[in-house]
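Residue numbers (the working numbering), protein chains in the order written: chain A, 34 to 193; chain B, 34 to 193.
The hints are simulated quantities; they were obtained by calculation from the structure and are not laboratory data.
You may find that some hints are simply not true.
What the hints assert, rightly or not - Some chain A residues close to chain B (C-beta under 8 Å, calculated; not the full set):
# : residue
1 : Glu80
2 : Val94
3 : Thr143
4 : Lys167
5 : Ala185
Ideal placement from N, C-alpha and C gives every residue a C-beta, glycine not left out.
Protein chains: 2
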Amino acid sequence: MRAEDGAELVQSRPIARVVGGRAEVCEGGWGREEAVIRLDGSMFGPEALFGLEGFSHLEVVFFFDQVDSQEIDSGARPVPGRDDGALVGIFAQRSRRRPNRLGVSRCQITSVDGLDVHVSGLDAVAGTPVLDLKPYVREFGPRGEIRQPEWASALMHDYY
Amino acid sequence: MRAEDGAELVQSRPIARVVGGRAEVCEGGWGREEAVIRLDGSMFGPEALFGLEGFSHLEVVFFFDQVDSQEIDSGARPVPGRDDGALVGIFAQRSRRRPNRLGVSRCQITSVDGLDVHVSGLDAVAGTPVLDLKPYVREFGPRGEIRQPEWASALMHDYY
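Just chain A, with the same shape it has in the complex (with noise of 0.2 Å):
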């Protein structure tokens, strides 16, 4: 596939959908969300989760389909909370008004049952296309010391 520019594009199939959680986007207090991943039954059979029990934690990449392709942003805006003019970039936040809308968030594994994995903590609404699932494993977090600015830490205070 390529863009009328001849921009190759890369093209994903849902793999799976929210079913359950919070029906609308608001922020904070998704620690408490409870829902359920549910692969698509005419890809996938049970298989593809085998094993998946094993981690405690699940990475998921899916598609913010709420946000208008209208409202995306490719600069830079106001560091939240500051007034003097600082300015962070799209690709130094989390906004999920981002080229291709791609959320990637961690969420606990509560159980799996045939095509369903039941998770905790997942920030994204019922009916949120899901492009990827992953175990989560420790080795693949981050390494080293992890530093960031005060406003991010700000910011996540209510999120969870």
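Dock chain B against chain A, hints included.
This is chain B only, laid out in the frame that chain A set:
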């Protein structure tokens, strides 16, 4: 966009490419690799990266473009290193031969220079199309105790 059977498809346009680093896919020692993630200058200006140097780590969503669509596994395979018939599903492993061929990795940010993010420890080869960049924010990491099967830890022994 829709597939032939009517399923909704998600289209992404690479926002960047991996420049330098390892030229060929081979496992092990990724932690020592240095590379550049170069934003597509036809879509973005340097402001899209403003503030990124305040973070130590980057989360990179990329497309395994060297995996042929024929190679994709959507079922299960024997658990690595075991011959007792135990199976592990494609969504319980991080193999690149996965539906949608999406990779998600963490790496360290060395510096940001115009449209270039210099990184170390990225497990993606030169030329890899990058679909998203997100700053690694501690609070978005896994919450609670992390548990994973022994085979996953063993597999990671020489990876980074």
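Hints and how they fare:
1. Glu80: 4 Å, holds
2. Val94: Result: holds, 6 Å to nearest chain B Cβ.
3. Thr143: 12 Å, violated
4. Lys167: 5 Å, holds
5. Ala185: Nearest chain B Cβ about 5 Å off; hint holds.
Going through the hint list in order, the structure does not satisfy hint 3, though it satisfies all others.
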